[in-house]
Amino acid sequence: MSLPAQIPLDLGHRTAMGCEDFLVAPSNADAVAWLDRWPSWPAPALTVFGPAGCGKTHLAQVWRARSHAVVTAGDALDRVDLPGLLAAANAVVVEDADAVAGKPAREEALFHLYNLAREQQGHLLLLSRKAPSRWRARLADLRSRIKGAPAVEVRPPDDALLAAVLVKLFADRQLRPGMEVVTYLLARMERSLDFARRLVAALDHASLAAHRGVTVPLAREVLSELQQTEPQRSGSKTT
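The letter at position 32 of the sequence shown is residue 32 when you use the UniProt record's numbering, and the numbering goes up by one with no holes.
Hints were generated in silico from the structure; no laboratory data involved.
Incorrect hints may have been included.
Listed below are the simulated BS3-like cross-link pairs for lysine-lysine, each with C-alpha atoms no more than 30 Å apart in a straight line [unchecked claim]:
1) K168 <-> K130
2) K103 <-> K130
3) K130 <-> K147
4) K147 <-> K103
Let the hints inform the model, and build the full structure from the sequences given.
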């Protein structure tokens with residue numbers, strides 16, 4: 001891997017209203033393309049699915065800035081005012097939408113929210129770790145609605161995207177570590193954009209506290225501490 005040649009020249013770069021800069025990469029390009037098509041979606045809903053930390057929430061923030069959507073959660077749908085959601089904004093983000101599966105009241109709520117969105121020409125952005133085909137919803141009408149709507153996967157970030165994100169996060173904090181630090185972290189860190197944010201924040205704090213630059217030895221210390229205090233998730237690399 002030749003990191004200096006990869007970062008971040010191969011990645012698209014865009015700024016969304018009210019959101020931090022967003023990097024487009026092969027792992028999220030399909031989802032970005034679908035969000036760019038809004039409001040010309042072929043159905044009232046779009047499902048964006050992928051593992052934790054892949055960037056689904058960040059994508060939703062970009063879409064919220066464009067659509068002025070409100071946010072709710074799949075495990076709360078049976079307790080919210082569904083008409084009120086679409087009255088507040090004709091667009092809704094449903095986080096953890098797969099949490100409705102197997103819960104009759106939640107499934108009914110998502111079914112009714114889908115129908116309301118269709119009647120009012122509104123839109124739903126459903127976020128999920130699982131593809132809709134794996135939700136195992138019991139309500140046949142809901143399965144039919146979701147099956148007829150587009151779904152797009154966001155894959156875990158590859159090295160090029162993670163490297164670009166690290167460089168950007170460091171720059172946001174006015175840190176300029178050498179590329180050897182980025183290379184060291186990439187070989188050992190969890191494959192997650194969320195973890196990258198926590199890692200850079202911890203490095204910034206440690207650098208200020210120790211009055212030293214962000215070097216490989218400091219990166220080794222901070223990464224070790226994070227890995228000891230946080231449960232390891234699937235997809236991380238080991239030393």
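A quick look at each hint next to the structure:
no., hint, result
1, K168 <-> K130, "holds (29 Å)"
2, K103 <-> K130, "holds (16 Å)"
3, K130 <-> K147, "holds (13 Å)"
4, K147 <-> K103, "holds (18 Å)"
Consistency with the previously given hints is maintained throughout, with no hint failing.
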